[in-house]
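Colleague: Work out the full structure, taking the sequences as your base and the hints as a guide.
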Amino acid sequence: MGAQIREYRQRIRSVGATKKITRAMELMAASRVVKAQQAVRESTPYARALTRAVSAVATFSSEDHPLTTEKEDVRRAAVVIMTSDRGLAGAYSSSVIKESERLVARLREEGKEVVPYLLGRKVIGFYRFRRREFAEEWSGFSEKPTFEMAREVGERLVADFTTATDEGGVDEVHVVFTRFVTMVTQEPEVIRLLPLEVVEGEEKPAPEDLLPLYDFEPGAGQVLDALLPKYVNARLFNCMLQAAASELAARQRAMKSATDNAEELIKKYTRLANQARQAEITQEISEIVGGASALAEST
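Residue 299, in the numbering used here, is where the sequence shown stops; the numbers in between run on with no holes.
Heads up, some of the hints might be wrong.
[To be verified] Within a straight-line C-alpha distance of at most 27 angstroms, the following computed DSS-like cross-link-like pairs (lysine-lysine) qualify: (1) K20 / K268; (2) K112 / K71; (3) K19 / K230; (4) K98 / K144; (5) K112 / K98; (6) K98 / K256; (7) K20 / K144; (8) K267 / K19; (9) K20 / K230; (10) K256 / K35; (11) K35 / K230; (12) K20 / K35; (13) K230 / K256; (14) K144 / K35; (15) K268 / K256.
Quick caveat, the hints were computed from the structure, so don't treat them as lab data.
These numbers come from a predicted model, not from an experiment.
Modeller: Next comes the structure, spelled out in structure tokens:
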């Protein structure tokens, strides 16, 4: 009986130590997700303004720019997959990977060769474990992405997109990431980054989103050359920020669940320890009473 009580108390101490860790991680994620949300909000006006400018040039000019022109024979499709660098975030990374697997299957059904570009140690590990080939990998910044990293990824994608397919280039670029909706809801999403899709979604544009007429100086081609790489980088950075906010929100929720489970386990083991202790006391009393009765009878 005493050994059983010691075992329960050891489990209580072990679960209590785990609870302290998960509670600390929950608080850290909660403090960081606020900054991540703010970063998403701050990046949105610039990305929106840049999108409107690029849309205006692409709409009101007859310029056939490589980044806006649909290719007739699409043979190779790049798929950029954004996951986390660390675990303990629930199903965050696995949901993105599942969404990317559906996209890859659809592209292959269309007869396209898929070229993966991986962001985050989770998806890198997923591909390496299955010995799958990929074009490039980046990691170490999933929680705090920087614009420099977005620019590095964007420059590689633009370079591969503007390279001929026979020379190792790609014909289109898709991005799989997690869009931050609320602290409770984060949704895996797929967007086509290149060639540029001017109209996004099916919603009608608001009056402030209607495009005015523009005159281009020095010319539409030069304007597109300057704007499109910036557009790609800004769009990628916004996706990274959305993914970072989603990862932190998922981690906070997972750590809160782990903390709650630890509290329930502590209550359970405390109750079992108390029951074992009561049984031990009852047995000791019974032995004392039995011993006293035996002495009384012998006399």
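Colleague: If a hint holds in the structure, say so; if it doesn't, say that too.
Modeller: Hints and how they fare:
Distance restraint check for K20 and K268: the Cα-Cα separation of roughly 18 angstroms lies within the 27 angstroms cut-off, and the hinted pair is therefore satisfied. Between the alpha carbons of K112 and K71 the distance comes to roughly 13 angstroms, so the proposed pair stays at or under 27 angstroms and holds. A hinted pair counts as satisfied when its Cα atoms are at most 27 angstroms apart, and K19 with K230 does not qualify at roughly 45 angstroms. About 23 angstroms separates the Cα atoms of K98 and K144, which keeps this hinted pair within 27 angstroms; it holds.
Restraint check for K112 and K98: the C-alpha separation of about 19 angstroms stays at or below 27 angstroms, so the hint holds. This hinted pair checks out: K98 and K256 have alpha carbons roughly 24 angstroms apart, not beyond 27 angstroms. Between K20 and K144, the direct Cα distance comes to roughly 24 angstroms. Compliance with the 27 angstroms bound is thereby established for this hinted pair. For a cut-off of 27 angstroms, the pair hint linking K267 to K19 stands: about 13 angstroms separates their Cα positions.
Of the supplied pair hints, the one linking K20 and K230 is violated, its CA atoms being roughly 44 angstroms apart against a limit of 27 angstroms. Restraint check: the Cα-Cα separation between K256 and K35 comes to about 19 angstroms, which is no more than 27 angstroms; the hinted pair holds. Distance check on the hinted pair: K35 and K230 sit about 24 angstroms apart at the alpha-carbon level, within 27 angstroms; holds. Annotation: proposed proximity of K20 to K35 holds, straight-line Cα distance about 24 angstroms (limit 27 angstroms).
The straight-line distance between the Cα atoms of K230 and K256 is roughly 39 angstroms, outside the 27 angstroms bound, and the hint therefore fails. As the CA atoms of K144 and K35 are separated by approximately 10 angstroms, the hinted pair is consistent with the 27 angstroms bound. A C-alpha spacing of about 18 angstroms is found between K268 and K256, which places the hinted pair at or below 27 angstroms, so the restraint holds.
Hint compliance for this structure: hints 3, 9 and 13 are not met, and every other hint is.
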